[in-house]
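Keeping the supplied structure of chain A fixed, place chain B upon it in accordance with the hints.
There are 2 protein chains.
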Amino acid sequence: MNFKPITVDPDKIYDYSFAIIEEEMGEHHFSDMEWQVVRRIIHASADFELGRSVVFSHGAVEAGIKAIREGKHVIADVQMIVSGSGRKRFQKYGGDLHCYISDEDVSQEAKEEGVTRAIMSMRKAAREHEGGIYAIGNAPTALLELIRLVKEGIAKPDLIIGMPVGFVSAAESKEELLKLEGIPYITNIGRKGGSTVTVAALNAISILADQV
Amino acid sequence: MNFKPITVDPDKIYDYSFAIIEEEMGEHHFSDMEWQVVRRIIHASADFELGRSVVFSHGAVEAGIKAIREGKHVIADVQMIVSGSGRKRFQKYGGDLHCYISDEDVSQEAKEEGVTRAIMSMRKAAREHEGGIYAIGNAPTALLELIRLVKEGIAKPDLIIGMPVGFVSAAESKEELLKLEGIPYITNIGRKGGSTVTVAALNAISILADQV
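Order-wise, the sequence lines are chains A and B.
Each residue of the first sequence is one higher than the last, beginning at 6 in our numbering.
Each residue of the second sequence is one higher than the last, beginning at 6 in our numbering.
Chain A with its partners taken away, still in its complex shape:
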């Protein structure tokens, strides 16, 4: 056996990874700002197909940066997204990360109304927050409900990152997001997605908010 524990600087691991991604990705149609996000999504998934499937509404990354700098809050559909995100980059501007899916009132209301907790967590978020960044990586029902709340004028997100994964309603929920007008969004085409790539998008934007 001839390997030793790899002790390279985490920043260097990122630099080296990003260099590999740049080289293997080749040509693409993303803007410089969008590419910062897509590159990190590819880094988190090792999946160029997923990276190429990402779609941005015009100015979505800039809208996210603005929201973070204004101290807007982030609402996630699942706790994994909160755990994986660099919280301090939001808190320094006054915002924070929230996930309501395990709240007792959300569970109770979901049971009473016979809907998923994900749906109820979006309704709670819309009550609690004016605007904000919605980061949805798991539950298609959360994304569909958020779109409904937007259309009914109840929610007005600064940005929706909608990348739920799965075989039932995930792709369809993202198709609905693509039709949504007037709200900045980041999503992807197809079944793939998930908490880790949603975190990657969110972290990329929060890093840009610190840098640009």
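Please note that the accuracy of each hint is not assured.
Remember, identical chains collapse to one label, so a pair may be satisfied in a single copy or spanning two.
Mimicking EDC-like on lysine to aspartate or glutamate, the simulated pairs with C-alpha atoms at most 20 Å apart in a straight line are [claimed, not checked]:
no., residue 1, residue 2
1, K17, E118
2, K93, D108
3, K93, E109
4, K161, E75
5, K17, E177
6, K71, D215
Hint data in this document are derived by calculation from the structure and do not stem from the laboratory.
In this text the structure is predicted, and so the values were computed from the model without any measurement.
Below, chain B without anything else, positioned relative to chain A:
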């Protein structure tokens, strides 16, 4: 617009998803127990290629079930894995989920020794726990260090779920795991992996521990 919030029972969403996965997967070489794990990995990633790349050492799933029922603890490399896992299914047998990467002593020791926090978190886990299930979905350095600790007789995991993702050392760390003898493991070939698929594997095994 003609969609309504989807309010189907989460169990039914799983059943329907699994039926789609069964149909699209077609033939495979996994045992019945292994397939329970792979199916959930595909469910969490919508990626059949990733599912087909999963490798089990002989009896790995059974070893995981046994460890959970004996109340062995789970050590994760990142907090996302702790957040995404159904903790109660471990606690009912006396085990729990742990992640040491953000502990102050781990950070301090990593700085002093000039190695990654992931490496130090594995050393702490080996000091704190006799055996246990190691669930590594993010950091190749954690997996490489765990393999080193096993070879030096310092760690003796009941099961290693080693599915780090990425472009630097991830695939290589999993190749090293494939060569490891005497310790049950679940891993996959290539760059793909991540916290969500590691959680999927862990949850599949903990559900089996409850059922079989």
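Item to check | Identical-chain pair category, K93 with D108, by Cα at 20 Å | outcome: So K93 and D108 pass the 20 Å test across copies only (16 Å; inside, 23 Å).
Next on the checklist: When Cα atoms must be at most 20 Å apart, do K161 and E75 count as within-copy, between-copy, both, or neither?
Outcome noted: within (15 Å within a copy, 49 Å between copies)
Item to check | Up to 20 Å CA-CA - E118 versus K17, copy category | outcome: between (50 Å within a copy, 17 Å between copies)
Item to check | Identical-chain pair category, K17 with E177, by Cα at 20 Å | outcome: Between. Shortest inter-copy distance 17 Å satisfies the 20 Å Cα cut-off; intra-copy 39 Å does not.
Checklist entry - Within a copy, between copies, both or neither: where do K93 and E109 come within 20 Å Cα-Cα? => result So K93 and E109 pass the 20 Å test across copies only (17 Å; inside, 26 Å).
Checklist entry - How do K71 and D215 come out at 20 Å by Cα distance, when the copy is not named: within, between, both, or neither? => result within (11 Å within a copy, 47 Å between copies)
Against the hints set out earlier in the document, no violation occurs for any number.
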